[in-house]
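Please build the complex by placing chain B on the supplied structure of chain A, with the hints as guidance.
Number of protein chains: 2
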Amino acid sequence: MSIISKVAITGGTHGNELTGVHLLKHWRETPSEVTRKNFSTELHLTNPKANKANRRYLDQDLNRQFNIHDLNNSELTGYEHSRAKVINTLLGPKENPRVDFIIDLHTTTANMGMSLIFNTDDPLVVGMAFYVQDQMPGSTLFFDPVDRLEDTFLTSIARLNGFLIEVGAVPQGLLRADVYQATREATRHCLDYLELINQGISPVQPQVREGFRFIEKVKLPENEQGEITAMVHPNLQDQDYQPINPGDPLFMTLDGSTLIYEGDKVVYGAFINEAAYYDAHIGLSFMEKVQVNLKSDPVVG
Amino acid sequence: MSIISKVAITGGTHGNELTGVHLLKHWRETPSEVTRKNFSTELHLTNPKANKANRRYLDQDLNRQFNIHDLNNSELTGYEHSRAKVINTLLGPKENPRVDFIIDLHTTTANMGMSLIFNTDDPLVVGMAFYVQDQMPGSTLFFDPVDRLEDTFLTSIARLNGFLIEVGAVPQGLLRADVYQATREATRHCLDYLELINQGISPVQPQVREGFRFIEKVKLPENEQGEITAMVHPNLQDQDYQPINPGDPLFMTLDGSTLIYEGDKVVYGAFINEAAYYDAHIGLSFMEKVQVNLKSDPVVG
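Quick note, the sequences are listed as chains A and B, same order.
Be aware that the first sequence starts at 1, since it is given in the working numbering, and climbs by one per residue.
Be aware that the second sequence starts at 1, since it is given in the working numbering, and climbs by one per residue.
Isolated chain A, as found in the complex (with noise of 0.2 Å):
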């Protein structure tokens, strides 16, 4: 009983993450690395425009682009709604998608170590999730469940949902052959993952383990010229998924002074100092700890 059939691997999304983009390339050539008995994989680079310019995307973001209103309306015709809406008729369509897993392959400039990103408490792709990190003890869980209808992101269009894999710290417009080295193991696991699932073998069981959910995107200071005045404090750069305590430093203005978080409650940090947000004067996310629920076993459900 084979409950998956088709799954995707996706790479490129932003243009300027290489590690994907170089993988799909190493796995068209030696496709036994991502081939399983059990299922069908197919790789696809998603935004090879963004990827020859490098840089993250030229009209809008591509993976905030999926929610069924926005891939319905025709009346969104930037370069990126254009692709958003020919990669879910290859992948999708979102109603009725033709792909059962998307893996989608993802960097980040914050030291986010390897963080496992899904938006579904199903047990299928909360139980990747539990598995990878099994795996790769060191991994994160960033959970921020969201309807499958109304994601905004890529991995969304499948029938059974996806995952991101989000790994750094490394900059833009390069590799860094940790991080790929990295990154091709947790997509190794994900897709023996989905393989032993295909087999009616559980390789995680019910439980609750720690993760983080987004609260909120903070600011970077700003003049009235809109211009920055600060920047992320070193005390904090690199510290993400740690702690933030009500008084620890959060920014650094250009003369060297501390500004402190001024909020009542502990929060995380996390995609600190992420160049891809720079242009919107986002210096960090501020995150919440949470029970991640793995609520059945993903194979007897």
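Honestly, the hints are just simulated from the structure, not real lab data.
A few of these clues could be false.
Same chains, same names: a pair is fine if it fits in one copy or spans any two.
[To be verified] No farther apart than 20 Å at their CA atoms in a straight line, the calculated lysine to aspartate or glutamate pairs in the EDC-like style are these:
id: 1; residue 1: Lys94; residue 2: Asp70
id: 2; residue 1: Lys217; residue 2: Glu227
id: 3; residue 1: Lys217; residue 2: Glu288
id: 4; residue 1: Lys94; residue 2: Glu75
This structure is a prediction, so every number in the text was calculated from the model and none was measured.
Just chain B now, with coordinates in the frame of chain A:
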């Protein structure tokens, strides 16, 4: 007796290296920080259009356009060709410069720490490098002597030449507070040094120190289609200025195999995995250790 009367600090010569850009903004707000009694200090954002586009350059690398032949070649009509001519008019002209000294602020995605780059053995400039190194002991001398008129760097259009402050690792398109503060500190030492020289005080004496000189750029391996087939090896990543011995790992192919350094003499890496050189498929620079000689007292001569 003031021998230096006009100093220029330049930033954003590479538009996506934001540290210099924001230091210039800070110093415009707080000019006292870069003001010294015995010379004037000018602040110049040299490639604002590339900075606005968050790109290193629009048409060609601005910091390769300042040799005397290119400056006088009216057939070079690209955007940065033109900017170079304008900057030469503003700060030079190279044959008879108005400005005495230029400090140009750069960053790198490579793990090069505080690198002091200078292209002349003139005691004034070598003395500055030694002085900054005395104040910031972890810094590295990056010395590549070339005739001032032939030199392609922006700094070469000043009468007494100039000095690049090159700090990393920091991704393109963002600020890291540690890199910002280190650059700010090094600039302060440069200005203090020039002020001492103007007062007839030599803070450094003739001596020889270790530095690194550029040998060649090393390309990443490519296939017949001109695509890269390997990346910087994990053992080499972040190991700028460390020895590379014959037989040491140099690259890791996309399938994970190791390619070794096949030369027969010890070299040293720099600009290892610099994002700016990725479009040209440059993996690193080979450097050699050299003796940097402060031939005479910078004041007495």
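Hint numbers contradicted by this structure: none
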